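Once you have looked at the hints, place chain W on chain G.
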Amino acid sequence: MATSAGEPKSLPLILARELGSNLATPMFLIDADGTLVFYNEAAELLIGRPFAEVGEIPALDFGEELALSDSDGSPLRRRDTPAGIAFFERRPAHKLVTATGYDGVRRHVEATAYPLLGTTDDLHGVLTVFWEVREPADGA
Amino acid sequence: MQARVWGCRGSLAAPGPETLRYGGNTSCVEVRLDDGSTLVLDAGTGMRPLGVAIDRQPVDELHVLLTHLHLDHLQGLGFFRPLFRPGVDVHIWGPASPVQSLADRIAIYLSPPLFPVRLADIPARVTFHDASDDAVSIGPASVRAGKVTHQGPTVGYRIEEGGRTLVYLPDHEPLPGGHVSHEPAEWMSGHDIAHDADVLFHDAQYLDDEYPQHIGWGHSSIEHVMGLATSAGVRTVVLFHHDPYHVDDELEALLGEARKRWDGPDEDVRLAHEGMTIELDGEGVRFRGWGR
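Same order as they appear, the protein sequences are chains G and W. Each residue of the first sequence is one higher than the one before, starting from 548 at the first, in our numbering. Each residue of the second sequence is one higher than the one before, starting from 15 at the first, in our numbering.
Pulled out of the complex, with its shape left as it was, chain G reads as follows:
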């Protein structure tokens, strides 16, 4: 039977998780407090660990654990990641980043994030979809 393990999630987050659970496109969700609350099975392949093992953690810690960097290799500040831009500036963002999964594999990833704004324009979180790309050509 279902059990209550945390704070109730808002409806936009619930719907986004439901969508992600039915997609083959990797995605992760951050809530309005900046906590990573979910990623789907497709994302587990790139992140290198099941969500059930990682659990809910601050998005900042999640970004640091994946050692996010820009396409030129310079470390990405939290505010400069697509999810960070969507969270702090409440606008969609897209970027090519590199990330090292929990499996130790470094990958080039295209990531698009957008804020989940409710019917009264309140921020419920951020949904990020991402996909692995081949090593980009110089200047990409």
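Worth flagging that the hints you see were computed from the coordinates, not collected in a lab. All figures in this text were calculated on a predicted structure; none of them were measured in a lab. No residue lacks a Cβ here, since even glycine has one placed at the ideal position from N, Cα and C. Treat the hints with care, as some may be off.
Only part of the chain G face toward chain W is listed, based on derived beta-carbon distances under 8 Å [claimed, not checked]: (1) Pro555; (2) Lys556; (3) Leu558; (4) Leu562; (5) Glu565; (6) Ala571; (7) Arg625; (8) Asp627; (9) Val656; (10) Glu657; (11) Thr666; (12) Thr667.
The following block gives chain W in isolation, referenced to the frame of chain G:
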């Protein structure tokens, strides 16, 4: 508080000899608070006979709490007699939209060619409110809305008074295509608004074997409603929003299926029917009417 069902049919009014026991009017529940304050949950066709009853003992003020604006929850509004009585204050609450005000959306229905009377020409003093996630006081009650999964902006209402809680979730699909019993409670639409309710009115439109053909339509299977009620620690479940194609005998078969999924006494799970009256007070929850 006391709740009385004036309409419990879903989607479309379904009058006729095969729906006499549970009724054919669409969603409308009257709630009288201990100080006499009147709440009306949804404005389906059951609102017409409710308006006649209120007109016999007129009130100065009432609150209409709309869960959403599908016609089966709105169609009775134009036939609600208190709206045509000057001097009555009618407060209409409903889900917010990022595009149009609640008044503008309701006026789409209450205007020609769909309806002969314009909303602006209604004699009563009508005030519109966006349903609030935060608790608001209406008379002695605390009323809170919670957004839930349906088609389009939709809320459920939680009404607390005198230590008792009534929750109204007439149109709700907690996990489209999913199994409620597999999900953590915090990820379940409706769990927050329904938790620990003494009485939960809940969508029970489909038998479990009907649901796969209706995933995403915004309504619950028996597994959904009973799973949510159990997970949320609800004490009494009133199965509501009956499918217009379900005749009385089929509803009673559905009730049997629901009770199989309930660990408590059978009488804690009931089928809503027109005329069902529920008293909630310090002594507990009591049903009146013939209901099963």
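Now for the hints, and whether the structure bears them out:
Among the interface hints, the one on Pro555(G) holds; its C-beta lies about 4 Å from the nearest C-beta in chain W, closer than the 8 Å criterion. At its closest, the beta carbon of Lys556(G) sits 5 Å from a beta carbon of chain W; the interface hint therefore holds under the 8 Å criterion. The criterion of a C-beta within 8 Å of any C-beta in chain W is met by Leu558(G), whose closest approach is roughly 4 Å, and the hint holds. At a threshold of 8 Å, the smallest CB-CB gap from Leu562(G) to chain W is about 7 Å, leaving the interface hint in force.
Given hint, Glu565(G) at the interface with chain W, holds; its Cβ is 6 Å from that chain's nearest Cβ, closer than 8 Å. The interface hint given for Ala571(G) is violated, since its Cβ lies 16 Å from the closest Cβ of chain W, which is over the 8 Å cut-off. Here the hint on Arg625(G) is broken, as its CB sits about 25 Å from the closest CB of chain W, past 8 Å. This hint is violated: Asp627(G) has a C-beta 29 Å from the nearest C-beta of chain W, more than the 8 Å allowed.
A cut of 8 Å between beta carbons decides the hint on Val656(G): the least distance to chain W is about 26 Å, and the hint is violated. For Glu657(G), the suggested interface contact is broken, since its CB lies about 28 Å from the closest CB of chain W, more than 8 Å. Interface hint status for Thr666(G): upheld, as the beta-carbon distance to the closest one in chain W is roughly 5 Å, under 8 Å. The interface hint given for Thr667(G) holds, since its Cβ lies 5 Å from the closest Cβ of chain W, which is under the 8 Å cut-off.
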